[in-house]
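Below, each chain spelled out in residue letters.
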Amino acid sequence: MSKEKIHICEDLYDIMPPEYQDMVENATYGKEDRGWKDIGSSKELIEPHSLCAGCPEAVTFRYILASLPNPEDTVMVGSTGCTSLVFPHVAIQNIHSLFGNQNAVATGLKRALRRGSPTRKRMWLSWRVTALRWTLAWT
Amino acid sequence: MNKPVTPRARKIIRSTNVNIGQKNKKDQTFTDPHDFFFEVERKKSFLTGSEVIREAIRLASVDISVAYPITPQSEAAALIGELFADGYLKDYFRGESEFAVMGQCAGASFGGARVFTTTAGPGTMRAFENFPMWAGARLPIQVCVTCRGINSPLSIQPDTLEIYFLLETGMLIWHAETAQDLYDYILKGFIVAEEPDVHLPIAICCDGFFVTHTKDTVELIPENACLPPYDPYRSPVPCMDMENPPVRMMRDSFVMKSNYIHYATHASWQQEIRAAIQRSRKHTIPMLGGLIDTENTDREILIVASGTAVSQGREAIRLLDAEGIKVGLVKVKTLRPFPTQEIREVTADAKHIFVPEFNMSGWLGREVKSIIPDNDRVILGPHVAGGMTLPSEVIAEEIKRHLGMEATVVGR
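Line by line, the protein sequences give chains A and B. Residue numbers in the first sequence follow my numbering, run continuously in steps of one, and reach 139 at the last position. Residue numbers in the second sequence follow my numbering, run continuously in steps of one, and reach 1412 at the last position.
Among these hints, one or two may not hold up.
[Unchecked claim] To give a feel for the contact side, a few chain B residues facing chain A, derived at Cβ under 7 angstroms:
id : residue
1  : Gly1103
2  : Gly1107
3  : Ala1108
4  : Pro1236
5  : Val1237
6  : Met1240
[What the hints assert, rightly or not] From chain A, some residues computed to sit far from chain B (all C-beta separations above 12 angstroms):
id : residue
7  : Arg34
8  : Asp38
9  : Gly54
10 : Leu109
Because the hints were derived from the structure by calculation, they are not lab data. What you are looking at is a predicted structure, and each value in this text was computed from that prediction instead of being measured. Where is the CB? At the ideal position from N, CA and C, for every residue including glycine.
Assemble the whole structure, with the sequences as input and the hints as a guide.
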């Protein structure tokens, strides 16, 4: 996917939520040297969420999302837990399925997408919440 | 109730990502589903049910299949591996457990693949949490369930109890009587389940061993034809292939929120799954020629059954006929959607309705009881369980006993 895909139709621009306009204008999709230093100067891929105040997972999430090398080609696969509250608030594709099957879902997804486009580099972030353990995989 | 429609009267819109008539790398021609099912000349073969699963998948343009051993589906899973080795499938692998297999199927389906897997009894139970998740995520995965007893005590024998558990998962559930049914249901199941207004997982159930491990004459579609592939861009939910913008799917998260919007969203989604099952009727009726088959339903005594209990019921009817007792037959082909109106209509004049089943609970009998008026007409049983056979004599005797006739063993 390229950043062009998230352009807003001009006629609808003024009625889109301001945070979405901000994402289209100032997010770092496609920026080759994107990283944690962009926090504060760009639109982050995470919106205000409902994790408890002071939760370290929220900070972890912000750094990970800022540091993904290619968020436009990333799917986040999560399992049920506190961070399920965040999944709907991030601007990368995500799948939430069940307790403890995120690696299986990511395996199936990876093999399905490899089938369609064997040469394209994509990343899967498989995220297990309670243990703060996550897996990155490239093909 | 939907009006009866002939297959030709309602043409299913085919996939648009390949042209009909185009060939795949195995030199099979992508064929319009209606020609594929109803026009192409079939050839008779003598095969086991497991081999029939292989032959169906050979023509089904399946992208990915995930395997895990559990008797009696292991042979079918292995035979699909042979198809992969021959180049009919794009990917095939073994999961770590049944729970992982169904998760891997989900991931592959999220990625836009046509996915097929098989399971049975304990495997079904171990994988179970995934089935309502598939339905909730609108993943049109097909699982072939070759029913087997649920432990404990240990049994590898046929028993359809697991279907009872599957009924409320939100999946489409069809129950094959014979190897021919199994072949047709597997192929037709993909077409119905992938319709945009249905787009649900489908369980094609058959009775393990009775169907999978016995040989039967089956009319097969020629190997040089195949179904059009799944087109994920007709899905009512976005395919996770990075071709769609990564928009936030929800303004507010669904979980842990004690508010009305959360409850209403969840409740309406569950209703939508059930509505999608009902919408599948209009695609299923032309494909299967109706959700039920009937024989002589003007008679006062009826047998209503699904799976191989239909075959046993049919034999019992033949035995009773020799004694002058006339009995009609209703074969239930789809359990979800349940043929509520159809069964109400054909049982309207019946005085005694017998529901023989290969399980202890009598789920089909309960379903029938719950939808017809004057349901004391429904006699649950006879039931067998744990893999016992259900001799046609037992059904005939049950009917005679209920009618107050001497229960002699018929046919001796």
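### Query
If you check each hint against the structure, which ones fail?
Going through the list in order, the structure violates hints 4, 5, 10 and respects the others.
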